[in-house]
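Q: Chain residues, written in single-letter form:
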Amino acid sequence: MKLLEYQGKELFKEYDIAVPKSYLVRNQHELSQIEDKLQFPVVLKSQLTVGGRGKAGAILKCMKMEELAPKFTELMNKEVKGELPKVILIEEAVVIDKELYFSLFLNRGKRTYSLISSSQGGMDIESVENKVIQDISITGLTQSNAERIAKDLGLNGVTAESFSNVVIKLAKLVREKEAELAEINPLAILKDGTCLALDAKIIIDDNSLFRHPELRKYVQISELQEQAEKSGFSFVELDGNIAIIGNGAGLVMSTLDIVNDAGGKPGAFLDFGGRATTETIYKALEVISKLSKIKAILVNLFGGIVRTDLVAQAIINAYEDGMISVPIYARISGAESDKSKKMLSNSNAKLYDTVEEAISSLVQYIGLSR
Amino acid sequence: MSKKFDIFDILVGKPDDADHGNKPVIIQGITGNFGSVHTRLMREYGTNIVAGVTPNKGGQSFEGIPVFDSVKDASKNFGAKISGIFVPAQFFLSAVKDAVNNGIKLLVAIPEHVPVRDAMEALEYAQTNGARIIGPNTPGVIIPSVNKIGIMPSQPFTKGNTAVFSRSGTLMYEVSYHLSREGIGQKIALGIGGDPINGTNLIEAFELISDRDEVESVVVVGEIGGDAEESLVQYIEKTSFNKPVVAYVAGRSAPKEKRMGHAGAIVYGNYGSAESKISSFSRVNIPVAKRPAEVPSILLKLMR
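Top line first, the protein sequences correspond to chains A and B. Under our numbering, the residue at position 56 of the first sequence is numbered 56, and the numbers go up by one with no gaps. Under our numbering, the residue at position 271 of the second sequence is numbered 271, and the numbers go up by one with no gaps.
Read the hints as simulated data drawn from the structure, not as lab findings. Note that CB positions come from ideal geometry on N, CA and C, so glycine has one too. Hints are not guaranteed to be accurate.
Here chain A is said to cover these stretches of chain B; the calculated rule only asks that three of the stretch's residues, wherever they fall, bring their Cβ under 8 Å from a Cβ of chain A [claimed, not checked]:
1) 195-203
2) 259-265
Which residues of chain B face chain A? A partial, calculated answer using Cβ under 7 Å [what the hints assert, rightly or not]:
3) His113
4) Arg117
5) Gly169
6) Glu223
Turn these sequences into a full structure, and let the hints guide you.
A: And the structure:
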């Protein structure tokens, strides 16, 4: 779960990592309630999960009161990569001496946490120069480790002390909240030498949420997503018009690639995991039926254990209940496939022996129906 | 240096072992929904399941298999070194400690949704005590026509001389199915697991077969997320690994910053992208199939 900036900063405050003075504003009414308290200039920051907000113009500086309302409206209506904000973070601007980059992340290959720091902040991490990457133990990080890191960055005096405190506190946050990533970019150094976190990017391990009731308020999922998750499915909405259903994340991803190679545009990824029963397939089709953009459904099941007639029955039920009307192209490897083909012969669904055949018929249909 | 981990010795044994090809296995979580179904299927395949463990259900039995409260009680009488772990994710860490504390050397960890922190602690615990974990979130490991510890269907696999290592469960079945159809059997098929942290990663899987002459080739099934494939390529270069390798990478068309089903299948920037993995393989002339069905023909060409 990727937290929004303001949510990350709420955690920073909880861990005593300094952030700018800020207000969270959802609408014009809330704006009118805080505008008298603001010390201009302020920065308006659209709260989005997607990256590249700065480049997309979703962060605006505001020098005086008159600019506030129009700029607020502009941001509330500004879509970035298909996402609209629900809230704007308004922060008082600060005078910055220097910007650093600092992050802690789960290093999968090394099975440890690593720390990246750089004396150049503010940029995309991939373009950050003079990166220092070191493995650390988030459980055993000591004050002297942290001071060493500050020294490596060429910091001294008040700044070195303030920075090493941020390192210690962020490691504590990562450990206790079970984050896969905590990034501060930029971490500003103010005129008085102390550090201030100007941004926050935190990704929490979804699988640990059951023991973090305090983070549950940050979970933001669509109704459809929620319905899918309740059934135990992994569901990702995509841009195209072909829904892809299968058993296993790798298999569905692979099917997505083959559809894409054949010129089709996937519009939904749905992995229903383990066992294929009439009920799970029906529920998967139910989730897909809520997406009006879907023009055809591809079902790719690899089983061995899967009984294809159970899948065929789910498809027949879904058509008979009027839940779906779009055609289904299915590749189901498993027992009883001749029986299943017969069962589906009067429906809008077709069974194929290979996924390539199913996809080529589907893509041809989409092309014709355009 | 510790002795090299020999998975065949543990799963199959030496030719003159009394229980060669019939090594005892315990199942943790045997009475659960998933555990019970797959215990039956593993047994049908020939896995010698001698005992089960479910806390507070000791004294019961499952289809003639005695159930115990802990691995300690279960391993006392049977000397099992292998455990299949089918417990819910929140009990994973304690199940691992119970197994490692009581003589288990190979832990096949099936549960999905294990928190990263627990997985890291479990791996460290196993490693410190000389045990090996496969998974979590793995379909398991199969030695075709000997035994299987896991949830994979049996039909796709046939006995042979290729090793299949896969980050995805269903794609391991799919690729093995295509291989078997073309007459290419498998010496071993092992699921790395779909999580960010894996007890046996791709490099460690390669180490399992690198000095076994009877393994003639390797198929690697990768997917987006992390840098396991890139690290594997470095390992292959560094060790001059000389068996033919064919790769497949799922997720070329996946969007960035979206978790594609597996906890570990997510791209940040270029980190974890399919392009990065495919270009790594290409750099050392490892062919990358565009579709799972292409793997056998590419492999046959390499072997010629």
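Q: Now tell me, hint by hint, if it's right for this structure.
A: Outcome of the hint check:
no., hint, in the structure
1, 195-203, "holds (count 3)"
2, 259-265, "holds (count 7)"
3, His113, "5 Å, holds"
4, Arg117, "5 Å, holds"
5, Gly169, "5 Å, holds"
6, Glu223, "5 Å, holds"
Violated hints are absent here; each numbered hint is respected by the structure.
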